[in-house]
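The hints should help you fit chain W onto chain E, whose structure is shown.
The listed protein sequences derive, respectively, from chains E and W. Position 261, counted from 1, in the first sequence is what numbering that gives the first Met the number 0 calls 260; the numbers after and before it change by one each time, with no gaps. Position 85, counted from 1, in the second sequence is what numbering that gives the first Met the number 0 calls 84; the numbers after and before it change by one each time, with no gaps.
No lab work stands behind these hints, which were simulated from the structure alone. All values derive from a computational prediction rather than experimental measurement. Incorrect hints may have been included.
[Stated by the list, open to error] Heads up, simulated DSS-like pairs for lysine-lysine below, C-alpha to C-alpha not over 27 Å straight-line:
no., chain 1, residue 1, chain 2, residue 2
1, E, 35, W, 79
2, E, 156, E, 97
3, W, 59, E, 1
4, E, 82, E, 36
5, E, 82, E, 1
6, W, 79, E, 36
7, E, 266, E, 287
8, W, 59, E, 2
9, E, 126, E, 97
10, E, 2, W, 119
11, E, 287, E, 231
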Amino acid sequence: MKKTITLTLFLAFVSALAGGILAYVNSITSPIIEEKKMAVLRESLQVIFPNTQTFTETTFVDSTGYVVTVYQAGTDGYAFRVKVQGYANPIEFLVGIKSDSTIGGFSVTSVNDTPGIGMKVKDDAFKTSLVGKSVDGPFDTISGATVSSGAVVEGIKASVEVYKAIIQGGVPDALKTNQLKIFPNVTSFTETQFTDPSGFVLKAYKADTSGYILSVRVAGFKANIDFLIGIKTDNTVAGFVVTSIKETPGYGLKVSEAPFINSVVGKPITGPFDTISGATSTSSSVVKGIEAAIAAYQSIK
Amino acid sequence: MKSLMKFSLNLLKENPVFGLYLGICSTLAITTNLNNAFGMGVSVIIILTISNIIISAIRKVTPDEIRIPVYIVVIATLVKSVELLIRAYAPAIDAALGVFIPLIVVNCIILGRAEAFASKNGIVASALDGLNMGLAYTVSLAAMSLIRELLATGFISLSNPFNDQIIFNIHIIPSDYIIPLFKEPIGAFLTFAFLAAGVGYIRAKEEAKLAEVK
Chain E
0 MKKTITLTLF LAFVSALAGG ILAYVNSITS PIIEEKKMAV LRESLQVIFP
50 NTQTFTETTF VDSTGYVVTV YQAGTDGYAF RVKVQGYANP IEFLVGIKSD
100 STIGGFSVTS VNDTPGIGMK VKDDAFKTSL VGKSVDGPFD TISGATVSSG
150 AVVEGIKASV EVYKAIIQGG VPDALKTNQL KIFPNVTSFT ETQFTDPSGF
200 VLKAYKADTS GYILSVRVAG FKANIDFLIG IKTDNTVAGF VVTSIKETPG
250 YGLKVSEAPF INSVVGKPIT GPFDTISGAT STSSSVVKGI EAAIAAYQSI
300 K
Chain W
0 MKSLMKFSLN LLKENPVFGL YLGICSTLAI TTNLNNAFGM GVSVIIILTI
50 SNIIISAIRK VTPDEIRIPV YIVVIATLVK SVELLIRAYA PAIDAALGVF
100 IPLIVVNCII LGRAEAFASK NGIVASALDG LNMGLAYTVS LAAMSLIREL
150 LATGFISLSN PFNDQIIFNI HIIPSDYIIP LFKEPIGAFL TFAFLAAGVG
200 YIRAKEEAKL AEVK
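Looking at chain E on its own, in the form it has when it is part of the complex (with noise of 0.2 Å):
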């Protein structure tokens, strides 16, 4: 027993120290190492926008995952930060969308796939069959090399959307605007807090006295399916709205489509919601959302 202690005790001494040495070291390098980072940042910014000296991050929403951070460069335009995956690894690289809606610069950050092969997204060849293009393309894969660069161009894409998004008057009105297709009549939607054990609720909105507005992201059969549901204080879905979807024609989109809605809108809390037939795996995941958001709602409540 003794011994145990003893051993306990030396391996907590031990854990303390170099815990407190840990702490020590990084309390006088975060600053630093933070301070090199932007640096680098700005330096490989400026590749994409060399007249460009101050660049400032922005919020966005981007739901195939792939665009990381967006850069506001000046009046210039903007920088995307992406990341897709390549034929081995992933592939890291920046690209820059000039205010006049063209390809401003493109430069591969990181890149570990096949020699002669998936490598090439870092030619200069790839590089100038893209810079100079207007943001709707087409954007050229690589013969022989589809799959990096297919997913280069996928990369690409995602930043145009999101472009895109910011330059048509930026993503909260577009939040906005969706809100008010269910809550007409509401002047201001506040966030609130709610408990969600399902992860599918992103946030909650309490639309005045009408009801609550709850953003719900679940996994579709291809993507992830963004989509707000609304409630009102009488328990019933006050309305539903797809602002993320991006599934197969005539089977998983059927989500976004009237009947569906109209299957769900108006219905009390209670359910039950239906799933689509042939749909099966798109709907039940909705569903599922819907769900969560209905837990989440009484939750608040």
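Just chain W, lined up with the frame of chain E:
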């Protein structure tokens, strides 16, 4: 004097990679070019030497029952501190070696030498053992990378990690005859198998010779 003798010990006989089969995960993963090999090699030499010194210094106060957790804490603290210091004060080294340093924590050579050597020997001997093992590891990495880089790209190149300047870049195999497969994991396994077999053959022959003399 005895420790100096140990230092010059045959690189083949006590080679950690091809002799003791330690640290193979990192060897297979990073030996795609010479720059990686030297980057990882130098990082391991430094950390292995320091960790051997510390563990040798505390070997008398460490209770036997919990020595392994204590070694792991020491090694992890050391690696993380070195990583933070390099990142803050030597960004050029960080750019060159940054990805390898966290990998060193799980490199079994470090814990292997702490357990097998540093916990039983004096500080000077342990430091030399760290240097010796680190060098042997570096040589093994360089041999693997040389073969893989040459076969996969047709080039042999080395650049200065501090300014990315190319020291040499020799084109040996025409690009029509390269085998890109050698950059892939399967190429790593193939190269490793052939080299390990070769080293095993030489060792077996030497041992047979020694047995005859006896």
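Hint-by-hint comparison with the structure:
1. Proposed proximity of residue 35 of chain E and residue 79 of chain W is supported: the alpha carbons are some 18 Å apart, at most 27 Å.
2. Distance restraint check for residue 156 of chain E and residue 97 of chain E: the Cα-Cα separation of roughly 15 Å lies within the 27 Å cut-off, and the hinted pair is therefore satisfied.
3. Straight-line distance between C-alpha atoms of residue 59 of chain W and residue 1 of chain E comes to about 20 Å, which keeps the hinted pair within the 27 Å bound.
4. Under the criterion of a C-alpha separation no larger than 27 Å, the hint pairing residue 82 of chain E with residue 36 of chain E is consistent with the structure, at around 18 Å.
5. Restraint check: the Cα-Cα separation between residue 82 of chain E and residue 1 of chain E comes to about 54 Å, which exceeds 27 Å; the hinted pair is violated.
6. Proposed proximity of residue 79 of chain W and residue 36 of chain E is supported: the alpha carbons are some 18 Å apart, at most 27 Å.
7. Only pairs whose Cα atoms come within 27 Å are accepted, and residue 266 of chain E paired with residue 287 of chain E is accepted, the gap being roughly 15 Å.
8. Among the hinted pairs, residue 59 of chain W with residue 2 of chain E is consistent with the structure: their alpha-carbon atoms are about 17 Å apart, no more than 27 Å.
9. The suggested pairing of residue 126 of chain E with residue 97 of chain E holds, with an alpha-carbon distance near 16 Å, which does not exceed 27 Å.
10. Distance hint between residue 2 of chain E and residue 119 of chain W is fulfilled; the C-alpha atoms sit about 23 Å from each other, no more than 27 Å.
11. The hinted pair formed by residue 287 of chain E and residue 231 of chain E meets the criterion: a straight-line CA distance of about 19 Å does not exceed 27 Å.
Of the numbered hints stated above, the single one contradicted by the structure is hint 5.
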